[in-house]
Amino acid sequence: MSPLAAALLIMLIATVAAIVAGPLSVLKRRQPPRHAMLAELEAQREAKYRDIRDAELDHEMGKHSEQDYEEIASTLRSEAVEILNRIEALQREGEEEARAEAAGGEPPSTR
Amino acid sequence: MASLGSGALIFALVVCAYGIGASVYGVRNDEDRWIESGRRAVYGLALVLLVAFIVIEVAFLKNDYGFNTVADTSSATTPLFYRAAAVWSSQEGSLLVWALLSSLWSSLALFLVKGKMREVAAYAAAILLAFDGFFIALAIFYANPFNTTSPKPLEGAGLDPLLRFPAMIIHPPMIYSGYTLCIVPFAFGMGALIARRVDTEWITATRRFALAAWLFLGVGIVLGALWSYSELGWGGYWEWDPVENAALMPWLMMTAFLHSAMIQEKRGMLKVWNSSLVLAAGTLAITGTFLVRSGVLSSIHAFGGATLGVPFVILIGLMIACSIYLVVSRREQLSSSHRLDSLFSRESVFLLNNIVLVGLCFVIFWGTFFPLISEMATGQAASVGAPWFDRYTVPLALILVLLSGIGPVIAWRKASVANVKRNFATPVLAALATLIVLLALGVTSKLFALVMFCLAAFTIGSVTQELWRGTRVRSNATGQVPPRALLGLVGRNRRRYGGYMTHVGIAMLFVGVAGSSSFMHAAEPRLSVGKSIDIGGYRMKYIRPTASVTAKNDAAETGATLDLGAVLRVSKKGRYVTTLRPSEGYYDSDEAGVPPESVGHLIAGTPVSHVTLSSNPLRNVWAAIEPDLQAPKLQRIIAAGNKTIPIDKPEDGMIALAVLAREYLAHPQAAKFNLRVQPLLMWIWIGAIIVAAGGLIALSPTPRTVVRRVSVRAARRRAESGLARA
Amino acid sequence: MNPARKRTIRLTVALSAAVVLAGALIYTSFSASDPTVSPSQLIAQAVPGRHYELTGKVLAHSVRHEGEVLDFSVKDRAGEAAVPVRYTGEVPDPFKEGREVVVTVEKQDDKYVAERNSLITKCPSKYKTAPPKGKPY
Numbered sequence: 001m002s003p004l005a006a007a008l009l010i011m012l013i014a015t016v017a018a019i020v021a022g023p024l025s026v027l028k029r030r031q032p033p034r035h036a037m038l039a040e041l042e043a044q045r046e047a048k049y050r051d052i053r054d055a056e057l058d059h060e061m062g063k064h065s066e067q068d069y070e071e072i073a074s075t076l077r078s079e080a081v082e083i084l085n086r087i088e089a090l091q092r093e094g095e096e097e098a099r100a101e102a103a104g105g106e107p108p109s110t111r
Numbered sequence: 112m113a114s115l116g117s118g119a120l121i122f123a124l125v126v127c128a129y130g131i132g133a134s135v136y137g138v139r140n141d142e143d144r145w146i147e148s149g150r151r152a153v154y155g156l157a158l159v160l161l162v163a164f165i166v167i168e169v170a171f172l173k174n175d176y177g178f179n180t181v182a183d184t185s186s187a188t189t190p191l192f193y194r195a196a197a198v199w200s201s202q203e204g205s206l207l208v209w210a211l212l213s214s215l216w217s218s219l220a221l222f223l224v225k226g227k228m229r230e231v232a233a234y235a236a237a238i239l240l241a242f243d244g245f246f247i248a249l250a251i252f253y254a255n256p257f258n259t260t261s262p263k264p265l266e267g268a269g270l271d272p273l274l275r276f277p278a279m280i281i282h283p284p285m286i287y288s289g290y291t292l293c294i295v296p297f298a299f300g301m302g303a304l305i306a307r308r309v310d311t312e313w314i315t316a317t318r319r320f321a322l323a324a325w326l327f328l329g330v331g332i333v334l335g336a337l338w339s340y341s342e343l344g345w346g347g348y349w350e351w352d353p354v355e356n357a358a359l360m361p362w363l364m365m366t367a368f369l370h371s372a373m374i375q376e377k378r379g380m381l382k383v384w385n386s387s388l389v390l391a392a393g394t395l396a397i398t399g400t401f402l403v404r405s406g407v408l409s410s411i412h413a414f415g416g417a418t419l420g421v422p423f424v425i426l427i428g429l430m431i432a433c434s435i436y437l438v439v440s441r442r443e444q445l446s447s448s449h450r451l452d453s454l455f456s457r458e459s460v461f462l463l464n465n466i467v468l469v470g471l472c473f474v475i476f477w478g479t480f481f482p483l484i485s486e487m488a489t490g491q492a493a494s495v496g497a498p499w500f501d502r503y504t505v506p507l508a509l510i511l512v513l514l515s516g517i518g519p520v521i522a523w524r525k526a527s528v529a530n531v532k533r534n535f536a537t538p539v540l541a542a543l544a545t546l547i548v549l550l551a552l553g554v555t556s557k558l559f560a561l562v563m564f565c566l567a568a569f570t571i572g573s574v575t576q577e578l579w580r581g582t583r584v585r586s587n588a589t590g591q592v593p594p595r596a597l598l599g600l601v602g603r604n605r606r607r608y609g610g611y612m613t614h615v616g617i618a619m620l621f622v623g624v625a626g627s628s629s630f631m632h633a634a635e636p637r638l639s640v641g642k643s644i645d646i647g648g649y650r651m652k653y654i655r656p657t658a659s660v661t662a663k664n665d666a667a668e669t670g671a672t673l674d675l676g677a678v679l680r681v682s683k684k685g686r687y688v689t690t691l692r693p694s695e696g697y698y699d700s701d702e703a704g705v706p707p708e709s710v711g712h713l714i715a716g717t718p719v720s721h722v723t724l725s726s727n728p729l730r731n732v733w734a735a736i737e738p739d740l741q742a743p744k745l746q747r748i749i750a751a752g753n754k755t756i757p758i759d760k761p762e763d764g765m766i767a768l769a770v771l772a773r774e775y776l777a778h779p780q781a782a783k784f785n786l787r788v789q790p791l792l793m794w795i796w797i798g799a800i801i802v803a804a805g806g807l808i809a810l811s812p813t814p815r816t817v818v819r820r821v822s823v824r825a826a827r828r829r830a831e832s833g834l835a836r837a
Numbered sequence: 838m839n840p841a842r843k844r845t846i847r848l849t850v851a852l853s854a855a856v857v858l859a860g861a862l863i864y865t866s867f868s869a870s871d872p873t874v875s876p877s878q879l880i881a882q883a884v885p886g887r888h889y890e891l892t893g894k895v896l897a898h899s900v901r902h903e904g905e906v907l908d909f910s911v912k913d914r915a916g917e918a919a920v921p922v923r924y925t926g927e928v929p930d931p932f933k934e935g936r937e938v939v940v941t942v943e944k945q946d947d948k949y950v951a952e953r954n955s956l957i958t959k960c961p962s963k964y965k966t967a968p969p970k971g972k973p974y
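Residue numbers (this note's numbering), protein chains in the order written: chain X, 1 to 111; chain Z, 112 to 837; chain W, 838 to 974.
Only chain X is shown next, with the shape it has when bound in the complex (with noise of 0.2 angstroms):
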């Protein structure tokens, strides 16, 4: 192997390595599950507000009886509220749990 080639791939090796490794002396706090949950929610937020969209756009132009779109719309409307509720409830979980942190001190429980 040339030397410069040598050299070439020395540096990319420790490029690479640099990358890969920034992480790891990080020493992040695990998140917890709620996380994870309010995620999945905030998705099926989006998706049911896409769902609204499209039920209104389909009424406007005529795809639905009106009395197929006032059911529709009060279907869609009662399942985005709940959604909404769940997210807040875990909102408020969240704050509570960052509250007694901050005062207590304490690391909040993971599992």
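Quick caveat, the hints were computed from the structure, so don't treat them as lab data.
One thing to keep in mind: the hints can contain errors.
Residues on chain X that point at chain Z, a partial pick, calculated with CB under 7 angstroms [unchecked claim]:
#1 Met1
#2 Pro23
#3 Leu24
#4 Gln44
Ideal Cβ positions, reconstructed from N, Cα and C, are used throughout, including at glycine.
Following the hints, complete the assembly by docking chains Z and W onto the known chain X.
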């Protein structure tokens, strides 16, 4: 520098192993930093493979024939553009390009979901690295692009002249991108099953990856068809060849997934179906890659020896086994109690479309693998021809176009019969009008084409109606002028209208297919100068021969040493239409048995037909020529040249070719022509462009402001009114 | 009829239809297919009137053009058995001695006559692709 390349490959394998270990360790022990390190290993892998790619690319550009790959597929006379692309024309180079593209797409996907789907992404990273590692290991141990020969050869074999065509150069990277992009949803699907998180977050992210895969794979397939039609001497664009089918099958599965994923997003249903689709699509993508590289099926693409077959079969077997195991063992999480509200809904149409697409995929799969299946079943390998494929795919395609017209008109969840009847009036009228016009024009004999044209009119009619109505509604609501309203309508509902556009494109594409296959006129006459032939309403007359000779070192477009052709005058009812100049290019050969630099050698390479065509939306007129080099006088010139031209004076060989050319011009033999008149063929390409444009629109993200503003307001309003009602 | 029962009936009907169609598909594939054979297999089992897909290499010095007709012999990839073929139609560009070909033939008396335009030639393995047969639709 080759050692830098092989060192990089080995290091890449190490990075893969590390990344897999870090990701799996991190997710199982709930350690974010190891998960993050594993993700970064994917980025690092992309960097390493990029370096390796640059090394080989530079070798190609500098004509370093010490690299075996460069010596095998490039030469000093290969034009620069094609030299740069020759990297992926060989087994070794293409494995490297596959792995590079895979690592780049994986990096992008993981970057886009950073912070989301922690567990799923971690498993997905490990799986993606496993695939990359597989291809890198194949490269290192079976087909290393950095193998060298010492001393360096003085000249290379040259790029196969058939590949010296722009579409053919872009086609492999597009197809590889399509295949590697199919692995991303596969990895996320497996990851979701392993982590037991087959939920809304997963499906929303995976659907976008699948859309990108669908787009690239589709473009790759169309480019391959375009190459076949414009460059090869047979005048067709699709042959149901195993390799064509291999790319089409995952594309069909992805199309199905894109539709059924929307049902899961909205209703939380079909989790088992969606997981299976996405896993099947990825498996088919790897199977497709395998088919091209092993000689297992008798196909025109004989690429690579049988040595690569065994590792691939093991990989595919592993993918299938793991997929089945995961889906079965996770079936509790995948079950859903939701049901369809009504059979009369867009969801139903999507389900039907899924069934048709999967059915289509099954037909193609069966026909493609039939030689292997029949050999296992009866001991005798047998193959089915294109007519068998057509028999089953044509009706299914008709149903598909019909459904793509029904879908846009029917509402989500529950469509009312009365409204649907009203909404279908215009599209049905469009179809009937088309039918009447066609019958009046005398198009009665080709039933399938007739039905396809009417269904296409139906689909285009329904989408046009949707756009028209939507624009009107929005225009009334916002006071904008129709063009602005239309833009706003599409901009705020990109998934919907992008999808509609794709449906229109598909309809047009099938119009092109139906027109060009059912109403084609073909002839293979032997014409001498001055003679003409009537075909498809056109008269084609062989006016005079053409011949040209190019020096070997001329960096011209194709590098043909000798080019013999004809001038054809095309007229219709006495009026001049166009002039076609088909020719056959003869290339330098590298094969043993013919003394190098002899006259015969200069033209003994694979000849390439340079077809010409005259193209407009109504019809294509296509011509290819097969000049007769067997004429005794021409053969005598070649033999004489072989005997008398000294080997060390290549320029003198060109003189002999010039004499040959002059003789051909002076006393041309009757040449065999392949002539076609193909109505409506251009619509295939137009349709494909529209399909791609629709896909791009659907893929582009809706501005967050739009979504936020509308939804928060709406949700608050709804919530308040809902709560008040309760 | 309760919804669950309706669903079961629908599912059964759909599955039955799928099975019937798949059955038709599978049946026709066996009856519509041509056996893929090597020259030695062809010599051993050829029945006049049946079509066979012959695969093998073009035998050296066996290629002769006679006007419209192309005569050549196909030999086993690994072996010496060879079969003379009479072919008319489009000849793919890469066709030459030593190349691998696939051609559909029928035994007529003592000769093997090829189906028009059914000749496919594969490129040597180091190249990527070869042109397909010149079969018009």
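Now for the hints, and whether the structure bears them out:
1. Met1: Since chain Z brings a Cβ to about 4 angstroms from Met1 (chain X), closer than 7 angstroms, the hint holds.
2. Pro23: holds (4 angstroms)
3. Leu24: holds (5 angstroms)
4. Gln44: Holds - the Cβ of Gln44 (chain X) comes within 7 angstroms of chain Z, reaching about 5 angstroms at its closest.
When each numbered hint is compared with the structure, no violation occurs for any of them.
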